[in-house]
Amino acid sequence: MAPCQRFAQDLSDFADNELDKISKGRLTDHLNKCPNCAKYLKQIQVLRSYLRELSPIKPTQEFVPILRDRMRKFQQEKSRPERTMFFPGHRLVPVLGIGALSLLVVFLLVDQSPKSSVQSTRMAVQKSQSVESPNNALALESDTQDQKVASGQSGFAAQVAESDTLARADSTSNSQDLDAVRSRIRAVNY
Amino acid sequence: MLDKTSPMTDKKPSPKSPTDEELILYFQEGDVYAFEQIVHRYKEPLVNFIYHFLGDRSNAEDVVQETFIRVYKNKHLYRNIAKFSTWIYTIASNLAKTELRRRRRRRILSISQMGFDDKDYDLPDHVKTPEGIVDGEMKESIIREAIEKLPAKFKEVVILRDVQEFSYEEISEILDIPIGTVKSRVNRGRQRLQKKLQYLLDK
Ligand SMILES: [Zn+2]
Numbered sequence: 088m089a090p091c092q093r094f095a096q097d098l099s100d101f102a103d104n105e106l107d108k109i110s111k112g113r114l115t116d117h118l119n120k121c122p123n124c125a126k127y128l129k130q131i132q133v134l135r136s137y138l139r140e141l142s143p144i145k146p147t148q149e150f151v152p153i154l155r156d157r158m159r160k161f162q163q164e165k166s167r168p169e170r171t172m173f174f175p176g177h178r179l180v181p182v183l184g185i186g187a188l189s190l191l192v193v194f195l196l197v198d199q200s201p202k203s204s205v206q207s208t209r210m211a212v213q214k215s216q217s218v219e220s221p222n223n224a225l226a227l228e229s230d231t232q233d234q235k236v237a238s239g240q241s242g243f244a245a246q247v248a249e250s251d252t253l254a255r256a257d258s259t260s261n262s263q264d265l266d267a268v269r270s271r272i273r274a275v276n277y
Numbered sequence: 295m296l297d298k299t300s301p302m303t304d305k306k307p308s309p310k311s312p313t314d315e316e317l318i319l320y321f322q323e324g325d326v327y328a329f330e331q332i333v334h335r336y337k338e339p340l341v342n343f344i345y346h347f348l349g350d351r352s353n354a355e356d357v358v359q360e361t362f363i364r365v366y367k368n369k370h371l372y373r374n375i376a377k378f379s380t381w382i383y384t385i386a387s388n389l390a391k392t393e394l395r396r397r398r399r400r401r402i403l404s405i406s407q408m409g410f411d412d413k414d415y416d417l418p419d420h421v422k423t424p425e426g427i428v429d430g431e432m433k434e435s436i437i438r439e440a441i442e443k444l445p446a447k448f449k450e451v452v453i454l455r456d457v458q459e460f461s462y463e464e465i466s467e468i469l470d471i472p473i474g475t476v477k478s479r480v481n482r483g484r485q486r487l488q489k490k491l492q493y494l495l496d497k
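Chains as they are written, first to last, in this note's numbering: chain A, 88 to 277; chain B, 295 to 497.
Treat the hints as calculated values from the structure; they're not laboratory data.
Ideal Cβ placement from N, Cα and C applies to all residues, glycine included.
All clues given are correct.
Lysine-lysine pairs mimicking DSS-like chemistry, simulated, CA-CA at most 27 angstroms apart:
hint : chain 1 : residue 1 : chain 2 : residue 2
1    : B       : Lys367    : A       : Lys160
2    : A       : Lys120    : B       : Lys490
3    : B       : Lys490    : A       : Lys126
4    : B       : Lys477    : A       : Lys111
5    : B       : Lys377    : B       : Lys477
6    : B       : Lys443    : B       : Lys490
7    : B       : Lys433    : B       : Lys497
8    : B       : Lys391    : B       : Lys490
9    : B       : Lys489    : B       : Lys447
10   : A       : Lys145    : B       : Lys369
11   : B       : Lys490    : A       : Lys129
Not everything, but these chain B residues come out facing chain A in the computed CB check (under 10 angstroms):
hint : residue
12   : Lys337
13   : Tyr345
14   : Tyr366
15   : Val457
16   : Glu459
17   : Asn481
The following block holds chain A by itself, in its conformation from the complex (with noise of 0.2 angstroms):
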């Protein structure tokens, strides 16, 4: 049975009772002589009544695994772009420090004046100080992201560490000048 075309919004919408009160009295009326539209909204009325009692169908028991899995690997995935970000600015702290430091070599070859020997080693090692702490941060807070994935973060770890070696070895023609300079800065500044 269909009900009237021009009845059938305002039936629905008093099944779920939004209809106003005006138009709530015309249709009152008109139920009163339509027993199309009487019998419509019963039966609009039982299949809401049916669809609320749907059995609910519930996930599988794997969903939740599956999810964790996924969620898993997209932590993996998001470490990884940080890693190759993090190389070319890690190559770059020794490779700037060594420049600062042999600018330090420099200046002190030059100035034999102890001051200024100790500002100028201070203004060297805040610069190589200030280049590094980028990637301070960046530890830092790829530390503090949620990361539950300990497999993630070790790679991650073991990365910094072998992109450290690494830019070592690349200088080891400088590094006994470098170990030279550097004891020299730690006493400065102690």
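On the provided structure of chain A, position chain B with the ligand as indicated by the hints.
Showing chain B with the ligand alone in chain A's frame:
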């Protein structure tokens, strides 16, 4: 009725249980356990919603998985101005519609390969069962099938309104359509179901 899967029913947060909005906030601050609770709350209602929308369980679970992954990846996109339930349902319904479009393309492709005209391609209606022998289980499967065969725009509103009991306002937010449109689609969806299921509705 007690075991209703609508998020609306289990949403009276006691002092002990945080609201959905609080949970997503905790998750935004890095608490992964809060995300697990969101999954626990929403997996069943979402699987129900998408199951009725797509008509099969395994696809429904895939879509809901993807929904949670999106929430996980884009947690920072949630702003506290919207209800969390409407936000997550919006994501789920968009993914379900994408899946439906993908299926339609695939079906048209396979039909054209078989040499049929896709206009003629429609599964026959459920074999009508004589009154009286329709038991509860059979009744449910007939109803679910009828829902599944509704055009998507009617189907989504009917599921949200009549199966999951969202308000018109919430549905309007989830689907991003005016309330008037929601009402008229609900009406038309119900009319279609009533026509198809008449023999079940006479009491
Ligand atoms: Zn009438």
